[in-house]
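**Q** Next come the chains, spelled out residue by residue.
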Amino acid sequence: MVDSLVAAASVIAAAVAVGFAGIGPGIGQGNAAGQAVEGIARQPEAEGKIRGTLLLSFAFMEALTIYGLVVALSLLFANPFVG
Amino acid sequence: MYTFLLSKIEVGSHLYVNLGGNLHLHGETIIVSSIVVALLTLFLVISTRDLKKVPGPLQNFIEVIYELVKSIAFTQMGPSYYSQFLPFVATIFLFVLGSNWAGALIPWKLIEIPEGELAAPTNDINTTACLAILTSITYFTAGFKIKGIGYFARYIKPSVFLLPINIIEDFSKPLSLNFRLFGNIVADELTVSVLCSLVPILVPVPVMVLGLFASSIQALIFSTLAAAYIGEVIE
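Residue numbers (our numbering), protein chains in the order written: chain A, 4 to 86; chain B, 4 to 238.
Hint data in this document are derived by calculation from the structure and do not stem from the laboratory. Quantities reported herein were computed from a predicted structural model and do not represent experimental measurements. Errors might be hidden in some of the hints.
[What the hints assert, rightly or not] Calculated lysine-lysine pairs in the DSBU-like style (CA-CA distance at most 35 Å, straight line):
hint, chain 1, residue 1, chain 2, residue 2
1, A, Lys52, B, Lys56
2, B, Lys150, A, Lys52
3, A, Lys52, B, Lys112
4, B, Lys176, A, Lys52
[Stated by the list, open to error] Far from chain B by the CB rule (all over 12 Å, computed), these chain A residues:
hint, residue
5, Ser7
6, Gly29
7, Gln38
8, Val40
9, Glu65
We treat Cβ as the ideally placed atom computed from N, Cα and C, and that holds for glycine.
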């Protein structure tokens, strides 16, 4: 009984962790991509440099979602509260 | 019923190699990472054995890689210190890139092992933790060697009340390095295996290509951050 309660709570927590972790980086990546497009439109010859920086900063933002995913995965596959 | 399932999703099952007592190793991680190290060593030795003034295709390729890692170290550490730490940054870059791509490119699923499955070594949190702790030790030692006891002035740098935050940063740096690499690789492999279990043909291929791209970016990020952390202390 307690175990199934813990399992249900963990599944919901995992979903919430990934879901909320996706919001912030999504907004951030949208902002960054928009600014990058603006920069390229203003200065098309700087495209290569802008693309490199954009990809690097995308990876940093994505890492925040990944932290949420790590929490969700550890709740789903390596739950410390069950058993 | 499950005959359609080509790739069973396994997380957290390992091939344990017992060393006696409470010590055990994750066999599959050790096997794959030693294969990666052997392949990298072989490639580097062969490609740098016979250097010429007018480079052939292999030497061209290795020169491109050298320029890349050199530019990572150079932009973060400046002209006077980069050559000391170039081997470390280059090793991290090549090992992370090699092990990420080894997990994606070599069809490990064809080889059966008693428990767990062969995959990228960075799929195991111990590998990434080891790399992150090595980075930590390196920047600590670098700062201490270059600046001496004045290194600790860094902890009260903007002002004294930031001391606890600066100390916490020393622990959060390796933690975030560790989780970033591990989470990205596990997320890639999970996405691919979930898609494989849904539609085992043709559909996972674009995701695999995206995974290859993302894992090369992760190698770049890991080595850039390691170089940046070292550069931050010795400046």
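**Q** Now, for every hint given, state plainly whether the structure supports it.
**A** Tested hints:
| no. | hint | result |
| --- | --- | --- |
| 1 | A:Lys52 - B:Lys56 | 30 Å, holds |
| 2 | B:Lys150 - A:Lys52 | 34 Å, holds |
| 3 | A:Lys52 - B:Lys112 | 39 Å, violated |
| 4 | B:Lys176 - A:Lys52 | 27 Å, holds |
| 5 | Ser7 | 21 Å, holds |
| 6 | Gly29 | 15 Å, holds |
| 7 | Gln38 | 19 Å, holds |
| 8 | Val40 | 20 Å, holds |
| 9 | Glu65 | 7 Å, violated |
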